[in-house]
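K.L.:
Put chain B on the given structure of chain A with help from the hints.
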Amino acid sequence: MPDVNRGNRPLSPFMLGQYYRFQLTSVTSILTRITGNAMIVAALLIVWWFVAAATSPQAFAAADGFITSWFGDLVMALSLLGLWYHFLAGLRHLYWDTGRGLQIEVAERLGIACLVGSVVLTLLTLLVI
Amino acid sequence: MAFLTDRKRAVGLGSAKKGTGHFWNMTVSSAALAILVPLFVFTFGRILGAPYEEVVAYYGRPFPAVVAALTLVVGLVHFKNGAQVMIEDYTGGLTRKALIVAVICLSYAAMAAGLFGLVRLAL
Numbered sequence: 001m002p003d004v005n006r007g008n009r010p011l012s013p014f015m016l017g018q019y020y021r022f023q024l025t026s027v028t029s030i031l032t033r034i035t036g037n038a039m040i041v042a043a044l045l046i047v048w049w050f051v052a053a054a055t056s057p058q059a060f061a062a063a064d065g066f067i068t069s070w071f072g073d074l075v076m077a078l079s080l081l082g083l084w085y086h087f088l089a090g091l092r093h094l095y096w097d098t099g100r101g102l103q104i105e106v107a108e109r110l111g112i113a114c115l116v117g118s119v120v121l122t123l124l125t126l127l128v129i
Numbered sequence: 130m131a132f133l134t135d136r137k138r139a140v141g142l143g144s145a146k147k148g149t150g151h152f153w154n155m156t157v158s159s160a161a162l163a164i165l166v167p168l169f170v171f172t173f174g175r176i177l178g179a180p181y182e183e184v185v186a187y188y189g190r191p192f193p194a195v196v197a198a199l200t201l202v203v204g205l206v207h208f209k210n211g212a213q214v215m216i217e218d219y220t221g222g223l224t225r226k227a228l229i230v231a232v233i234c235l236s237y238a239a240m241a242a243g244l245f246g247l248v249r250l251a252l
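Here the protein sequences line up with chains A and B, keeping their order. So for the first sequence, our numbering puts the first residue at 1; every next one is plus one. So for the second sequence, our numbering puts the first residue at 130; every next one is plus one.
Keep in mind that a hint or two might mislead.
Unchecked claim - Residues from chain A shown here face chain B by an in silico Cβ test under 7 Å; the list is partial:
no.	residue
1	33
2	53
3	90
Just so you know, the hints here were simulated from the structure itself, not pulled from any lab data. Ideal Cβ positions, reconstructed from N, Cα and C, are used throughout, including at glycine.
Okay, chain A solo, but in the shape it has when bound (with noise of 0.2 Å):
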């Protein structure tokens, strides 16, 4: 087979926007990746309070400043946002699993209801919390 195009072929986002038109469905499961993705920051700042707060009070110090500072709260709270978004989305990839909810009026209602979701548990998250 040599007339096979073989490592020349194009990469997953090259047809956004050009070719491809944006609707609630795609944009719901794309945010799903980029808050899932984005959350290692989060993840990493959590590790980093807990390692220091095994070390010393004053590696705790430091590291509990950073992540309570405004800086610090601006990321761990757009990171709950992402949490919720994600965990929302991720229910209704187990339920898409099960063969249930592909209709695409379904899937749209249950993406209105991810992005509302995901706004709702976070305010109630900071009001508990």
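P.N.:
This is chain B only, laid out in the frame that chain A set:
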């Protein structure tokens, strides 16, 4: 002039037959995280911002410590597998391999560091 048969050239270019295992791993870890994440958010969220002595005492207790340890381990395995799929989708060749290796190493390093901290706090 090709000396290999068409069949021979096609062998090995298909799927690696590992996709279902990866998918199942994501399903199991997401189901576990659906329970762990709310528990972690409300245990960790409650103590974040508290003074040093309170934090040390809080994570000396079994429930918050075990929830944090499980969330770290399952969460980072879930991240490792999810990030790998993203890398496979958007990159190719050596970049793809290097990024996958980096993500796996980062995930296990963060897991080990977090567990060390938790164990030391608990003991």
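K.L.:
Work down the list of hints and note, for each, if the structure agrees.
P.N.:
Hint check results:
no. : hint : result
1   : 33   : holds (6 Å)
2   : 53   : holds (5 Å)
3   : 90   : holds (5 Å)
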